[in-house]
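All chains, full assembly: derive it from the sequences and hints.
2 protein chains.
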Amino acid sequence: MSTGLISSSPNSPPTARLTSIVSHLSNVRPKVVICRHLGPAMPLLEDRKDIEVVLWPEDRSCERSWLLEQIKGAAGVLVFLSDRVNEELLEAAGPNLRVVSTMSVGYEHIDLPLMAQRKIRVGYTPDVLTEAVADICVMLALMAGRNDGAAYSLVKNGDWAKPKYAWSPFTFCGPQLSVTPSSPTRTVGFLGFGRIAQATLARLIPFGITHCLYTGSPSSRPDTARDAALQATHKLKALERVEADRLARESDILFVLTPGGAETYHLVDAAFLRKMKPMSVLVNTSRGSVVDSDALATALREKWIWGAGLDVVEGEPLISEDHPLVKEPQCVIVPHIGSATFQTRLDMATRAIKNLYGGLFGEEMPAELGKQ
Amino acid sequence: MSTGLISSSPNSPPTARLTSIVSHLSNVRPKVVICRHLGPAMPLLEDRKDIEVVLWPEDRSCERSWLLEQIKGAAGVLVFLSDRVNEELLEAAGPNLRVVSTMSVGYEHIDLPLMAQRKIRVGYTPDVLTEAVADICVMLALMAGRNDGAAYSLVKNGDWAKPKYAWSPFTFCGPQLSVTPSSPTRTVGFLGFGRIAQATLARLIPFGITHCLYTGSPSSRPDTARDAALQATHKLKALERVEADRLARESDILFVLTPGGAETYHLVDAAFLRKMKPMSVLVNTSRGSVVDSDALATALREKWIWGAGLDVVEGEPLISEDHPLVKEPQCVIVPHIGSATFQTRLDMATRAIKNLYGGLFGEEMPAELGKQ
Chain A
1 MSTGLISSSP NSPPTARLTS IVSHLSNVRP KVVICRHLGP AMPLLEDRKD IEVVLWPEDR
61 SCERSWLLEQ IKGAAGVLVF LSDRVNEELL EAAGPNLRVV STMSVGYEHI DLPLMAQRKI
121 RVGYTPDVLT EAVADICVML ALMAGRNDGA AYSLVKNGDW AKPKYAWSPF TFCGPQLSVT
181 PSSPTRTVGF LGFGRIAQAT LARLIPFGIT HCLYTGSPSS RPDTARDAAL QATHKLKALE
241 RVEADRLARE SDILFVLTPG GAETYHLVDA AFLRKMKPMS VLVNTSRGSV VDSDALATAL
301 REKWIWGAGL DVVEGEPLIS EDHPLVKEPQ CVIVPHIGSA TFQTRLDMAT RAIKNLYGGL
361 FGEEMPAELG KQ
Chain B
1 MSTGLISSSP NSPPTARLTS IVSHLSNVRP KVVICRHLGP AMPLLEDRKD IEVVLWPEDR
61 SCERSWLLEQ IKGAAGVLVF LSDRVNEELL EAAGPNLRVV STMSVGYEHI DLPLMAQRKI
121 RVGYTPDVLT EAVADICVML ALMAGRNDGA AYSLVKNGDW AKPKYAWSPF TFCGPQLSVT
181 PSSPTRTVGF LGFGRIAQAT LARLIPFGIT HCLYTGSPSS RPDTARDAAL QATHKLKALE
241 RVEADRLARE SDILFVLTPG GAETYHLVDA AFLRKMKPMS VLVNTSRGSV VDSDALATAL
301 REKWIWGAGL DVVEGEPLIS EDHPLVKEPQ CVIVPHIGSA TFQTRLDMAT RAIKNLYGGL
361 FGEEMPAELG KQ
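Line order of the protein sequences matches chains A and B. Each residue of the first sequence is one higher than the one before, starting from 1 at the first, in the UniProt record's numbering. Each residue of the second sequence is one higher than the one before, starting from 1 at the first, in the UniProt record's numbering.
Read the hints as simulated data drawn from the structure, not as lab findings. Be aware that one or more of the hints could be misleading.
Copies of one chain are not kept apart here, so a pair can be met inside one copy or by any two copies together.
Once the Cα atoms are required to be at most 30 Å apart in a straight line, the calculated DSS-like pairs of lysine-lysine come out as [as the list claims (entries may be wrong)]: (1) 275 <-> 156; (2) 303 <-> 156; (3) 162 <-> 327; (4) 72 <-> 354.
Shown next as structure tokens:
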């Protein structure tokens, strides 16, 4: 289906390129709306003389009314998770809009069928955050095992200096992530075994991890060749795809790395947690909805497991100081900062800008939805 | 020199074994004093029928008066850093004492020349804590880079739910430990390059570390063969022994892993910190005295460096909530828990008990001071 307008046929590169050339010749630069300042990535936009940039000027999510006004006649828009891209926005934009670029891995805020119908290209930013999130997986596993919430608070509150804190041979002890001569095996488990899980596994190898178990998505088929290669690369005693039951029972450190949504809702519930080892540690850096918060709080309080490290919590960011997990000393929570490094956010912003240009000038987009 | 008493000549195994046999035959079991409950290691003592165990019954350091009373006639004593082993203690013990075993790496509480003079053997517990401390080195490097003090406190205080915390593309960002395609090199630096440093380096390799610099002790000679082998094993672009000046200037992540004492006092001072990169992170897990706390607080406040992660602070444990480093948001401090894992402390306790038995029965001690 075609709207019949040259500028809304971006999937046809020669036509789009023609549009661009026409724009140049007529000295009409395509307008792009940027819904948030992109920090150190801004020069990539500001240095371009062939586009007109309209930027939301404040350090908060852009107001809807501002966006609906500014998008009139725009050829592209760079959005975030909080900006809904729906019929209302497209109507306000008019027929010139040919690309929507979101600086996010998720795209639940974009009406994809509508985009396809209007032939508006959509870019997003997958993959670039793998390494940053794998880093925080290791950090949270160590913090949860080593009682870091309590240890950090003790110093912060000035209690290190007080007699009530006295050293003893087993004060502040927790399970050790790395192996020791007297404790020479460790099993790491992954609920979901995508890129972040594999990057996390690689980081744990020098700690002496000996066994790796994982669950795959029900719709995916086992990949025994890949698994055999990974096991050999990492010199593991075992690397196996298993059912959730065995994952829970055997993991010393268990990482939740599934996508969110209805299919994975509360996969980690009371029944799952009851099967886990008393000295095990749970880490969730994917989506809060996968873990039942009440069940986890009970598991920690009643010592079914040793500790938990969370970058995500169901219902975030509305997590108050009396949330059962926030109150739990054996739970370490950070506010969804998995991808929050300058390098990764800059890579995400850069990719979003490159997607925007690709769509704007009818060229390839580094990560285009619907084009795998 | 010999005291002329059989039981005080433990360096002569046949004689000592004779003593042991005589003890058995006469049904007089050697008495050992244990200055603190050893938790899960206690069965190693309690199951032995050939010794008489006297244990300090409380969950705090043993009282001096108790120790001086109980040690009368003892053949061995298992002590901790807080128990001074000096002439007073030896006089109270009498001539039967043939072994002092400390559950610690340090031995500054033991009068070693006096022990040599009296031919009393001394055991300690080095090496076994290498892996536990290397784990916490990685944890603190990640926490310091990723603003973990502030991130953890935000959730703990319930501020995640409040409007004053709003997501933005660079909120809570910090330098990324792992490499990214747009930031493909990382230099890790070690002030001191012993076992813990090398175990830490190994853990960082899968994060994509590309360069390693270190300073050696002035009394040690460069070991180019070892360095070349390590560089090859870890596939590093460089591994070099350098002067402190270059270490400070080039490290992205810098670990302080020297011994304490006068020779390393304030090696990390204002001049050193001023040379460091603005996005670098400092981690100290060795001795607080190596780092000038006031200079570090200034460096963090004035952003000479990005962040710091400390397991040790000069003057610990008397570190109150208004200590300049405790108040500094970019500083993460934990209360000297580097070796605090059940596995490692159990290994330390086990080694201390084995040292005790070795000395008691004139056999080999797993780690004996003065016997390298």
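Quiz prompt | Non-conforming hints, listed in increasing numerical order | solution = Nothing - there is no hint that the structure violates, so all of them hold.
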